[in-house]
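Asks: Residue numbering for the sequence shown follows our numbering, beginning at 701 and increasing consecutively.
None of these hints come from the bench; they were simulated from the model.
Since the structure is predicted, the reported quantities are computational estimates derived from the model, not experimental observations.
Every clue listed holds true.
Between beta-carbon pairs, the in silico distance windows are:
1) 764 x 960: 51 to 61 Å
2) 920 x 950: 25 to 35 Å
3) 1158 x 919: 46 to 56 Å
4) 868 x 797: 16 to 26 Å
5) 935 x 961: 20 to 30 Å
Cross-link-like lysine to aspartate or glutamate pairs, in silico, DMTMM-like; alpha carbons within 25 Å at most:
6) 813 x 908
7) 1133 x 1159
8) 766 x 803
9) 1133 x 1152
10) 1130 x 1163
11) 1130 x 1159
12) 820 x 890
Glycine residues also receive a C-beta, built at the ideal position from the N, C-alpha and C atoms.
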Amino acid sequence: MLRHEIFKTVRVRDFMKMKVVFFCIIIFISFSCISLKAQKSENEPWNYKINIELNDSSLLVNLNIKFTKTKTGQKNFFLFNHYIQIEEALLDEEPLIFTRSNDTLRFESFQKKEMTLFMKYRIPCSLTESSKVIASYSDSIYAYPVLFDTSQIFCERFNKWYPVLYDNFANYKVTILVPKTHKVFAYYPESNYKEIDGKIEYSYSCFDEDFPFFITPINIFYQHKVIQHNNIIFEFYFLPRHRRLVSIKENKPVFVSDSTQIDSLLSISVNRSISAIEWYNANLWQKEIKTLSFVETGILGLGAGLGSFILMDRILMNMEAIDKYAISHELSHIWLGIHTEYLAKGKFFMGESIPEYINLMFYESWAGNDAFEKAIQDKINLTLFEVPFYTVTFEQVLNQRKGDSQADEIIYHKGVAFVHEFQKLIGRDKLLKIVRETYSVPNHFVSLKDFENSIKSNDCWKEYLKLYEIEL
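Generate coordinates for the entire structure from the input sequences, incorporating the hints supplied.
Replies: Right under this line is the structure:
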C-alpha cells in the first residue's frame, strides 16, 4: 500500500513536471512566432508597372503601383524627387490629394488596405545640352533627378525618380521606349525586345529593391568588344580613342592618341575585370552571370556596379584608376553592398567600406602583399586625397553619411582601415566567412545588425568591440 501511494505520488509529480515543461514549450513557441513576425518587413511587396518613353527634352513616365498598407487609415508617404512636376495623380481612380516637403510626398489615404496609385510625369533631361549639375546622395540639393551629359541618361532610386519606400523589395514590370539610335542597359537583362513605330521597346520583369537603368546613343562607341570566358559573355562598350586619358603625372592628366598604347590600356581593363569576377566567385560565392556589360560614360564621376552592367566614367578608365582597383570595386557590388541599409538610411559602412576592403583583398592577389599594405596605409593617412592627416573613431565611420566634405574619405578610406584592423584580429578566412554569411541571403536588406549577429555566431564579438577603443 505504501509502495502504491509513493508510486502514485511520483506519477503525480512527473505529470506536473510534464505539464510545466509542456507549458514552457507553448510559451517558447508563442514568443518565437512573435519574434519571427517582428522580423518580417512591415511593407508587403509593391507591384510596379512603369512605362517610360524618351523624347528630346524629357523622359515621359506613366506609373501604376499596387501597394498594401499595414494599417487602415494611417497617413502615408512616398519618397519622390520634388523637382519632378506631376501632371496627373490618381489614388483608386480619385484625384490624389498630397503635400510635398523636400523629397517626401505625403497624402491622406482612404480606409482601404490595398490601393492603386497612378501617376504621370516628366523627368527633365536634354539630349542636346550638358548638365552642369551632378546629383548628390544628400536629400534634394540637386537640380535634376537624373545624371546626364550631352547624350547619356542614368536613373536610380538615389535620385527618387519614382515614388518609393526604402527597405522594401517590389515586383517591377517596366518598359522603356527609345529611338533606334539608342540602347538601354538595366539592372536585369531585358525579357523582351521589339520595334514599335520606328522605336525600340525594352521590357523587363524582376523582383528587387530598385530598377536602375542607363540610356545611351549606341553610335558613340568606337568599339563593341565581346569575349566569352567560363560561360560568361563579357561585352565592353568603349568610347572613342581620341585624347584617351592614360594616367595622372604630377597631378596633371596625360592624354594620348597612340592606338597601341590605348589598346594596351583597354586590354588590361578587360583582363583585370575577368580576373576580378573569378576571384569573387572563388572567395565569396558563385554568382550565375550570363552576360555582363561594361559601359563607358561621359557622366562625370559616375561609377556603378548594377547587376548585369557596370558603368564607368571615362576619366576612371586609365592605368592609374585601374591600378587603384576602381573597376574591381564596382564589380564587387555584384556580390556586396547593393541590398544594404545605406540606401535607406544614408549610412555607407555596409554598402561601401566592406566591399572596398574585399576589393583590396583581390588587389593583393595580383599586386602582392607590399602593395596591399601600402594601399591600407594610404587609406589611413589619406595620402590619396592630399588632405591633412586626421583620425576618426569607429562610431564616426558607422554613422557617416554622404554630403559633407569628409564623407568619401571616411567611408572609402577610414572605414576600410577599420575593416583591416578587424581582419588582423580575427584572420582573413574568418572575415570572409562572416562576410559570406552576412551578404549572401537572397532578397534581404543587409543591415549592420546582420553583420554583428554573424560576428557573434563566429565568436568574434570581443575583437569587434575593440574597434570602438581605437582611432585611425
